[in-house]
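Following the hints, complete the assembly by docking chains B, C and D onto the known chain A.
Protein chains: 4
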Amino acid sequence: MGIKTSEQYLESLRGLKPNVYIMGEQVEDIVGSKYFEITLKEMCKWYDWANEPGEKEDFAYWSPLINEDVSFWTHLRQDKDGLRKMIAVMKENNARHFCSMCMVIGLSVMWATTYDIDLEKGTHYHERLQNFFKHLQREDLRYCLGVMDPKGDRSLAPSAQADPDLHLRVVDKNSEGIIVNGAKMHTSNAPVMHYIFACPSGLLKEADKDYAVSFAVPIDAKGITFITRPAPGPLEKKSLESPASSNIGFVECLTVFDNVFVPWENVFMCGEWEFTEKLVGYFSPYVRLCKGTCTSARTDIIAGTAALIADYNGVGKASHIRNKITDMMISSEIGWGCALGAVSNSVQHPSGIPIPDVSISNAGLYHCRLRFVEFLGMLHEIAGGVVTTMPTEAEYLNEATRTYIEKYFKGRKGISTEDRLKLLYFIQDMTASRFGGYLVASAICAGGTPETNRVEVQRNYNLLEKIRNVKAICNIKE
Amino acid sequence: MGIKTSEQYLESLRGLKPNVYIMGEQVEDIVGSKYFEITLKEMCKWYDWANEPGEKEDFAYWSPLINEDVSFWTHLRQDKDGLRKMIAVMKENNARHFCSMCMVIGLSVMWATTYDIDLEKGTHYHERLQNFFKHLQREDLRYCLGVMDPKGDRSLAPSAQADPDLHLRVVDKNSEGIIVNGAKMHTSNAPVMHYIFACPSGLLKEADKDYAVSFAVPIDAKGITFITRPAPGPLEKKSLESPASSNIGFVECLTVFDNVFVPWENVFMCGEWEFTEKLVGYFSPYVRLCKGTCTSARTDIIAGTAALIADYNGVGKASHIRNKITDMMISSEIGWGCALGAVSNSVQHPSGIPIPDVSISNAGLYHCRLRFVEFLGMLHEIAGGVVTTMPTEAEYLNEATRTYIEKYFKGRKGISTEDRLKLLYFIQDMTASRFGGYLVASAICAGGTPETNRVEVQRNYNLLEKIRNVKAICNIKE
Amino acid sequence: MGIKTSEQYLESLRGLKPNVYIMGEQVEDIVGSKYFEITLKEMCKWYDWANEPGEKEDFAYWSPLINEDVSFWTHLRQDKDGLRKMIAVMKENNARHFCSMCMVIGLSVMWATTYDIDLEKGTHYHERLQNFFKHLQREDLRYCLGVMDPKGDRSLAPSAQADPDLHLRVVDKNSEGIIVNGAKMHTSNAPVMHYIFACPSGLLKEADKDYAVSFAVPIDAKGITFITRPAPGPLEKKSLESPASSNIGFVECLTVFDNVFVPWENVFMCGEWEFTEKLVGYFSPYVRLCKGTCTSARTDIIAGTAALIADYNGVGKASHIRNKITDMMISSEIGWGCALGAVSNSVQHPSGIPIPDVSISNAGLYHCRLRFVEFLGMLHEIAGGVVTTMPTEAEYLNEATRTYIEKYFKGRKGISTEDRLKLLYFIQDMTASRFGGYLVASAICAGGTPETNRVEVQRNYNLLEKIRNVKAICNIKE
Amino acid sequence: MGIKTSEQYLESLRGLKPNVYIMGEQVEDIVGSKYFEITLKEMCKWYDWANEPGEKEDFAYWSPLINEDVSFWTHLRQDKDGLRKMIAVMKENNARHFCSMCMVIGLSVMWATTYDIDLEKGTHYHERLQNFFKHLQREDLRYCLGVMDPKGDRSLAPSAQADPDLHLRVVDKNSEGIIVNGAKMHTSNAPVMHYIFACPSGLLKEADKDYAVSFAVPIDAKGITFITRPAPGPLEKKSLESPASSNIGFVECLTVFDNVFVPWENVFMCGEWEFTEKLVGYFSPYVRLCKGTCTSARTDIIAGTAALIADYNGVGKASHIRNKITDMMISSEIGWGCALGAVSNSVQHPSGIPIPDVSISNAGLYHCRLRFVEFLGMLHEIAGGVVTTMPTEAEYLNEATRTYIEKYFKGRKGISTEDRLKLLYFIQDMTASRFGGYLVASAICAGGTPETNRVEVQRNYNLLEKIRNVKAICNIKE
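First to last, the protein sequences are chains A, B, C and D. Position one of the first sequence corresponds to residue 12 (my numbering), numbered consecutively onward. Position one of the second sequence corresponds to residue 12 (my numbering), numbered consecutively onward. Position one of the third sequence corresponds to residue 12 (my numbering), numbered consecutively onward. Position one of the fourth sequence corresponds to residue 12 (my numbering), numbered consecutively onward.
These are calculated hints, taken from the structure and not from any lab test. Hints are not guaranteed to be accurate.
As the list makes no split between identical chains, a pair holds if one copy fits it or if it spans any two.
Said to hold, decoys possible - In silico SDA-like links for lysine to any residue, alpha-carbon gap of 25 angstroms or less:
1. 418 - 250
2. 248 - 138
3. 249 - 175
4. 15 - 328
5. 249 - 234
6. 216 - 188
7. 488 - 87
8. 91 - 359
9. 248 - 405
10. 248 - 328
11. 233 - 411
12. 56 - 292
13. 328 - 470
14. 482 - 68
15. 424 - 465
16. 488 - 65
17. 67 - 14
18. 45 - 35
19. 424 - 129
20. 45 - 408
21. 145 - 360
22. 233 - 417
23. 45 - 330
24. 328 - 39
Here chain A stands alone, though its shape is the one from the complex (with noise of 0.2 angstroms):
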């Protein structure tokens, strides 16, 4: 049965032990926690979501692999039109959620990757992370993508830093499996999930061969400790403030390895990092695909809130705030329609699967997340700065003072205060909190940052043939 239940999922996390560190203090009990709560509130809702009428056409997908359905999360997709419908579904759901977890790229790369090593290789990756894809399908399992290592000083490889564990790698190996060591950077939500799933970081050289290593291992694998801080949101629960934060967001981790043991079955990549340059090949588009979707749609949200909010304030047919609007829609569906550029021009790999257009989704994705910071701003600009200067919602709650809250911050006729309030809130969450830092990160670094994306464009872009042309109208020979 690949779809599962929310209140399966808490059942199954209650069997896992992991060593997870937050706030100060060890967690036992992750379900219970109140620090865990808004980001279970979170992965409670992709689960329902596959059993819901109405949202599981989304959520839910026939899997080949297994001939059952299986949940967005597991789903590999196979084709052009299972890609398109992928972005499709993350362009409208991200809209009114943010986030539609986009986890499932990662063993997507992993499956073209393993299939060309076995391939020149003889190995049998493959084979095993189709198990594995199968035994996620199957038991609808969540699994958190470990990429970043720590890395230390950028300059130097990770064989080349001062300590060696600075990118996770292979110490040791046996028949039975191998032995890893290092941590890998921000592990979201990885302590309410079953699996970590581990890739190499970049590009590696002979030298760095011990650090092309891939993998799956339980959260409760020994060795494995969580150091863990609290999803952006509030602690406590509000009633008026914090509209999205109090019910989005990860908790994010620290994820050391101290000498976790990995059976040769979940290993996927272990010593081969020639492999290295086709796995960020192919992980480059995916995610970027995945990311200029998502920037889009936060944009979406954006031009809707400033839209909201100038109507609210009297102000919606004021030329330079439609203009800013347009500035935001222009975007969006610039970082859309490079999503869909890319999937267009997608090649499908012998493996089974469609790799997206490297350049396309590169360039889509680098002009929305830039514009996407400006538009933070712009946004200050069209609410105004109450966002940052209005009353909690502690004063609006206080007799004493809620009238004159009532009043003064009355926007046009037709409108109520709480309302106005309400969406004034929603803008300080997304633009002056913690949240909306992660906003800004998640924009500019999650899933590399603007500077890749001019490097992948850089290297992919075919620059040769350009030349090639200016010479033929130049008459110039070679």
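Okay, now just chains B, C and D, sitting in the frame of chain A:
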């Protein structure tokens, strides 16, 4: 026989007697006039390509309308794949030749519009257009789009102008046909075409119904005068200078209609002002799709040129230059990615043609065209001040000065001074000449302006849906 | 004695009994309240600096008004050199402390406005303001500017609002003084000041003449209520986190005036709606001058931070990072250069103060403030995703996890993990927290918005002269 | 007599016999050559202005060096006020005439550099330069700056080039003087000047000491050849077209020095490579100050033109057009504000001249010049596609077509078609012609490129101080 040779084309022109003025003279023999040499060279090229192995794959297509092969110019694209192929040819070809002539989109747009009108009004425009289309295909004829009206005071509607002719209009009709008066601007290459195909340039209200007129007339119809200016390139042959504008470039015309009669069989709209909204709705995505593709391809030319001159100057690896070229690449990919995305999102019109996504096509073009202008400046920076201070070729051809030029215009080792001069003259041609001005105009004004793109995105983006999403997040009831 | 100590300041606050609400409670003892701790720390600092060798050169000035030394806060700048010194202090000080408090500009603006009114109307506002100024100087008092009104429906004039109190107004007057009703928004730090100084927030027409009111009142005047929110920093002491917001930050208020009486001696404008144009004309260059300087200085903080974290990460020499930092430098220089240029172009007002150039001050700020928001995103990119995923200091202080953090958050050789953490927490403080939101709001909304800058440039740029020049070039007669 | 008439100037040119090639011919009589007509018209204008009431206030100055009035060209600015007056004249004059000729800055820069060299080396360059300066002033002579070398492979130092002449160098010296070989590029108007004034174009190392040479020579010195191209304007007289380029524009030259002898009295630097850093350090702020002012003034022309054509088209109030014009205004004010700021922050050099602020002058220019290129595109958008498709004046002058043009090129009521055509031809002149290319080149390449601005800001911004501030905030010990 839907594909003709360039000889047949020139011969056919000799049979026409249009009323053409250029440089203060009336032209009798267009084919033999120096003012039309560049233009005709370019027109012939497209005929040649439709016959030439290696090119005809892109420039000749089987047409179901006449069950014969027809040229790129006259082929109606009837599905997404056809549309995608069309822009793929433009993308590749414009990157080596600046233009592929995207005139057919005007006919496609009227294909859909006439279908809509007939359906609602019981008219027979669509059948007439089909017949005209077949005629064009069978004879492999060329046509010029007459869209833009002179417009006079742009703040006034056509019928409110001091002079009612400032937009082309029907002044009379009878059982044989209609009489039109007015003019069309920017009728590129009109005197070397076989037909003028006219349609309204914007949304019309009921008061303007006489202006809701679309038709085709031979260029030598009585009452038509072409007030023409030469293509931007040089009149005399150059050996090194102006490598693009010596071979590429349109004559431009003000095409005056002085009580011109058009038989009903060539009238495709006459008074149906309420369908101009649909017309614009179809025109916009088609023209922006082509223009986005075109601007992307021309950006490729700039990128290739920038890379080559940087190499010639010995600074191909300078990071600031690579950065600028990467900016060009990104913009090119955005223009191209959105064109692909717009096709991917197109919907099939009941008349049997796909309508691309309006917002995406406008957004992609908007970005790409504005950056194109900036890139001309960047190209100056990369090439250096010599672009406008270098000697003319007359000095290079003069023995008395050639040695000094050879010596002092040398770039990096291994590159001949002559090759470097050729490339610099090309840059001059693109950025510091009348042809350069045409590239800017083409990027900015052709196919609607950047502001039009903004208006189209604003109109077509689903803002209400985004506002609904925001209300749901904020728990605001409607 | 125009310079007091911070102890004297705190003592003076204890003598005031304002009506203050914060976090749902009424505050009796502001000096002892945890909600005011950060704010008071900052207020005291400015008193201390006026007494401290090495700082007093910048924060104490001889005042000709009272022939004594007075503080930065209360000193009236009466010539270009004084103005230049003022912004030089802001530029240097805000680059290390974010804010210098530029409140005095409000009084300078009213200094000129009252002079103009008296000259035309024979009133005595200017003398009253002089007296109030001397009082502030002698007692070294602090005042909060109350400028922004709640505004309700921004498309309607004050007198056209459903609720006439949505802009502060005179509801009655008698021989003793006036009665005002309404509220002022964004009255930063009001409860720790001695006075509120109110003036109109925009251009008024005759119908709005009751809204043309300027006055000063003690903060504990009868009828004033402060609905306050805490400064954005943490309430509890941090050891590493929030290094800026633990020491810097304003409480913000909605300041309600419920039938507040103001004696005539403290009324500086009452009904002279036609002088609001002059008021705005003086306010604009003053506030943009300060804000441009301030934003330049804060950009310096971003640039320094970016350079330092890049170095800590081992990538201080990466060209793309240097590029981003250079962008910051350029924006900082533009903000600062235009501030200097605006002073250099200032004209002396007959009341004895210089009025800086409106267009230049607005243009410089416009550029600098928009880029500031982008730079927050760039800082994320340079620092990396850790800004929002790094452990809280609770984990660093916990022995069980500290070793892992020490190991895995190490940067380049020679930099202690703790220093890197401190810096990352500062970046978090500036870009991913409530304080970060305040920095955005301050850049975008404080002192008028970017759109206001555009309007001011448009109004003050001499376009007619430029048009005349163009006509002369074109030989167009007028 | 420090001020001459234009007749005296032309007479003086007739006495010189420079070796000039243009359009494949050698020119004997420059004053009578059609290729020099535009250029001489412009040169004469500056002489005329120095004699003309209403203009001489700006173009004639009392010089303490010779105790006589001298022209704008030859006047040394010795304090902030003088410098401010200089840029004020440029700002006003370039907004109506495009150029004021800022050649004097080259001599100012060498004024300071020679002083520094003499002080350290005991040489006598400064006295020689003073004498040369007085000679220029007394005779009211003109000089061309020869700064840029051909440079060959830009990645190699002068002495490392395959051909050592690719930078101008000393090949021999004797008791009488020095012999130089090489060439200078972009020597605008050189054949109509009296002297070439040469100096190094960049930082030199010891190996390049032969390239550290500055001197003045008469243009007809033996061994000098001018390979010249005409000014960009038309050779034949136009009645409507090219209103700017018919009157304004430089001939450009490659100036070749083929073993040219320079007597010691005109040598101002010879081998002191270590002072090129100072030279560049003085050159940079001076040239950017002038260029920033100039670009601001040319932006004023664009803004005025845009406003006027929008009015003629009936859309002067359209918000998107006003927005674009406001963008132009803002950029103009930034360029001008930073120029004023750079003067305001200038420091007095011991040789008796002010050195403007390097960072501010570079930052202001950087912004303004990049936007200038964008504005050319905006001007196309505002004016419309007619800029490159409108009839030539030959058609307007032809009776057979004039009526149609009169009718169809009419703009809004009250504006004659002829005036609209004049303006459109001016726009064509500025944006779609060789002259337009020169405007781009001048904005982007003249006086160093945008990239040079970035480098200068990077070098001169006090980043260490900002880093120190950040460490203090974060409590990081050094």
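A quick look at each hint next to the structure:
no. : hint      : result
1   : 418 - 250 : within (20 angstroms within a copy, 41 angstroms between copies)
2   : 248 - 138 : neither (47 angstroms within a copy, 54 angstroms between copies)
3   : 249 - 175 : neither (45 angstroms within a copy, 32 angstroms between copies)
4   : 15 - 328  : neither (47 angstroms within a copy, 51 angstroms between copies)
5   : 249 - 234 : neither (38 angstroms within a copy, 31 angstroms between copies)
6   : 216 - 188 : within (23 angstroms within a copy, 60 angstroms between copies)
7   : 488 - 87  : neither (49 angstroms within a copy, 38 angstroms between copies)
8   : 91 - 359  : both (8 angstroms within a copy, 19 angstroms between copies)
9   : 248 - 405 : both (12 angstroms within a copy, 22 angstroms between copies)
10  : 248 - 328 : neither (36 angstroms within a copy, 46 angstroms between copies)
11  : 233 - 411 : between (56 angstroms within a copy, 16 angstroms between copies)
12  : 56 - 292  : neither (33 angstroms within a copy, 40 angstroms between copies)
13  : 328 - 470 : between (44 angstroms within a copy, 14 angstroms between copies)
14  : 482 - 68  : between (53 angstroms within a copy, 23 angstroms between copies)
15  : 424 - 465 : neither (48 angstroms within a copy, 28 angstroms between copies)
16  : 488 - 65  : between (63 angstroms within a copy, 20 angstroms between copies)
17  : 67 - 14   : within (10 angstroms within a copy, 53 angstroms between copies)
18  : 45 - 35   : both (14 angstroms within a copy, 24 angstroms between copies)
19  : 424 - 129 : neither (68 angstroms within a copy, 39 angstroms between copies)
20  : 45 - 408  : both (24 angstroms within a copy, 21 angstroms between copies)
21  : 145 - 360 : within (20 angstroms within a copy, 42 angstroms between copies)
22  : 233 - 417 : between (56 angstroms within a copy, 21 angstroms between copies)
23  : 45 - 330  : neither (46 angstroms within a copy, 44 angstroms between copies)
24  : 328 - 39  : neither (54 angstroms within a copy, 45 angstroms between copies)
Violated hints for the displayed structure, listed by number in ascending order: 2, 3, 4, 5, 7, 10, 12, 15, 19, 23, 24.
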